[in-house]
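Chemist: Heads up: the protein sequence lines correspond to chains A and B, in order.
Its first residue numbered 1, the first sequence is counted upward by one per residue in our numbering.
Its first residue numbered 1, the second sequence is counted upward by one per residue in our numbering.
Worth flagging that the hints you see were computed from the coordinates, not collected in a lab.
With the Cβ distance kept under 7 Å, some of the chain B side facing chain A (calculated, not the full set):
#	residue
1	M1
2	I35
3	P36
4	R39
Cβ-Cβ distance ranges computed for the label pairs, FRET-style:
#	chain 1	residue 1	chain 2	residue 2	range
5	B	E66	A	F326	22 to 30 Å
6	B	M73	A	I286	35 to 43 Å
7	B	K4	A	T269	43 to 51 Å
Calculated lysine to aspartate or glutamate pairs in the DMTMM-like style (CA-CA distance at most 20 Å, straight line):
#	chain 1	residue 1	chain 2	residue 2
8	A	K13	A	E23
9	B	K31	A	E324
10	A	K12	A	E367
11	B	K4	B	E52
12	B	K3	A	E381
13	B	K4	A	E381
14	B	K56	B	E71
15	B	K31	B	E66
16	B	K31	B	E60
17	B	K3	A	E324
18	A	K138	A	D87
19	B	K7	A	E324
20	B	K4	A	E324
21	B	K3	B	E75
22	A	K376	A	E289
23	B	K56	B	E66
No residue lacks a Cβ here, since even glycine has one placed at the ideal position from N, Cα and C.
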Amino acid sequence: MIYLDNAATSLKKPDRVIEAVAEAMTSLGNAGRGASEASLGALRAGYETRQRLADLFAISNPSRIAFTYNATESLNIAIKGILEPGDHVITTVLEHNSVLRPLYEMREQGVDLTIVGCDQFGVLNYEELESKIGGKTKVIICTHGSNLTGNIVDIQKIGTIARAHEVLFVVDASQTAGVLQIDVESMNIDVLCFTGHKGLLGPQGTGGIYVREGIMVRPLKVGGSGVDSYNQKHPVDMPSALEAGTLNTHGIAGLGAALSYIEEIGLDTLRMQEQMLMWQFYRGVIDIEGITVYGDFNEELENQRCAIVSLNIGAYDSAEVSDELFTTYHIATRAGAHCAPLMHEALGTKEQGAVRFSFSHMNTIEEVEIAIAAVKMLAQEE
Amino acid sequence: MRKKEWKLVITFHTTTDAIAMEQLCKRQGAKGRIIPVPRSITAGCGLAWCVEIEEKVNMEQLMEQEQLTYESMQECMV
Numbered sequence: 001m002i003y004l005d006n007a008a009t010s011l012k013k014p015d016r017v018i019e020a021v022a023e024a025m026t027s028l029g030n031a032g033r034g035a036s037e038a039s040l041g042a043l044r045a046g047y048e049t050r051q052r053l054a055d056l057f058a059i060s061n062p063s064r065i066a067f068t069y070n071a072t073e074s075l076n077i078a079i080k081g082i083l084e085p086g087d088h089v090i091t092t093v094l095e096h097n098s099v100l101r102p103l104y105e106m107r108e109q110g111v112d113l114t115i116v117g118c119d120q121f122g123v124l125n126y127e128e129l130e131s132k133i134g135g136k137t138k139v140i141i142c143t144h145g146s147n148l149t150g151n152i153v154d155i156q157k158i159g160t161i162a163r164a165h166e167v168l169f170v171v172d173a174s175q176t177a178g179v180l181q182i183d184v185e186s187m188n189i190d191v192l193c194f195t196g197h198k199g200l201l202g203p204q205g206t207g208g209i210y211v212r213e214g215i216m217v218r219p220l221k222v223g224g225s226g227v228d229s230y231n232q233k234h235p236v237d238m239p240s241a242l243e244a245g246t247l248n249t250h251g252i253a254g255l256g257a258a259l260s261y262i263e264e265i266g267l268d269t270l271r272m273q274e275q276m277l278m279w280q281f282y283r284g285v286i287d288i289e290g291i292t293v294y295g296d297f298n299e300e301l302e303n304q305r306c307a308i309v310s311l312n313i314g315a316y317d318s319a320e321v322s323d324e325l326f327t328t329y330h331i332a333t334r335a336g337a338h339c340a341p342l343m344h345e346a347l348g349t350k351e352q353g354a355v356r357f358s359f360s361h362m363n364t365i366e367e368v369e370i371a372i373a374a375v376k377m378l379a380q381e382e
Numbered sequence: 001m002r003k004k005e006w007k008l009v010i011t012f013h014t015t016t017d018a019i020a021m022e023q024l025c026k027r028q029g030a031k032g033r034i035i036p037v038p039r040s041i042t043a044g045c046g047l048a049w050c051v052e053i054e055e056k057v058n059m060e061q062l063m064e065q066e067q068l069t070y071e072s073m074q075e076c077m078v
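Excised from the complex, chain A in its bound form (with noise of 0.2 Å):
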């Protein structure tokens, strides 16, 4: 199998992920709760992997970050925490529903809610974003990388823009964490939330949040915490505040793992080689007859972008599309609406989807080839 589904979650992880996964299922106990080595233990790899994450988002105290399942977790956590009725908040046509629907909700409660549009090319207006700041907008909110299109978010712009409004700035890095530069105080990011299944190269089931010193957000969850048990009210220091129950540590500890394999080669280097063969896919289908493909690939973007290239075969449905290149080819792929309604919309690709191919830096140029010949195939066979 060929698979370039990546920004679903990365497949191919490196070895010493699995290895720290294993060995942590073998010797770990229960972090925090009490001082066995088995507890120790624990407590220690999710204090080495919570370090990691803070070197890699230039987070001055790692305590500011509290582990969750996933970056839907995450989101939940900081709209729910933060929003409450009569605040008002902005948010783009780009988002995942793990933004937007909890956003809905929010609605229903009385939050006032404005989503800024794009361009034909998936590009965010900017303009239209600081411009619908108003005196009660509390919070904008949007992902650093569309999961459609593969755009990358001037997140750096517009946490000037919020700094300057002194408007809360929570970014949604799901499609960006361990890709591209993340530095939460030069960006002036105040709540991140990412997942560590996909450009992070850790488990399922891990993810975070990092919240910025002074900023209170309610927890989703209270519960056990191994600390002040007989106190009715759970903790309100980070990251025990949002970090209610067992945690995923053996999925932390792997986690970590994939930091440091990050660390090692490059988080650079690694992007370098999945934005190649991006590029090599994106100038092999290009000019194939009747390929639409969405999403802005300006060639001074380079290196800026997501590895993602969504297209379409003339009229035919993307599910059919995505089903014959797996059947045929073994490419795995992912059709459909790819949870990004409003993007969707904004193409104009609501009834028909899209394919979407997604690469990782464990795809090879043998692969590429493969995929774009396979592309070509159905083009021809219309």
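For this one, chain A is given, so just place chain B on it according to the hints.
Modeler: For chain B alone, coordinates are given in the frame of chain A:
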């Protein structure tokens, strides 16, 4: 793209039910495979069971025995 054929397409409320159908047919040696739900059917969970039209009675019996509920069953070009 390959030529389309008339097939029986069964949709389900959840992906769990679709996988239950796959397990059931595998166990019973019955025909068919999972496909993404075609655009012409605006229902289901995203995955459907696709099989030759003459298998319809067999499929109905299998699902009834197993008390596996489906959402819709229709003939379409896939």
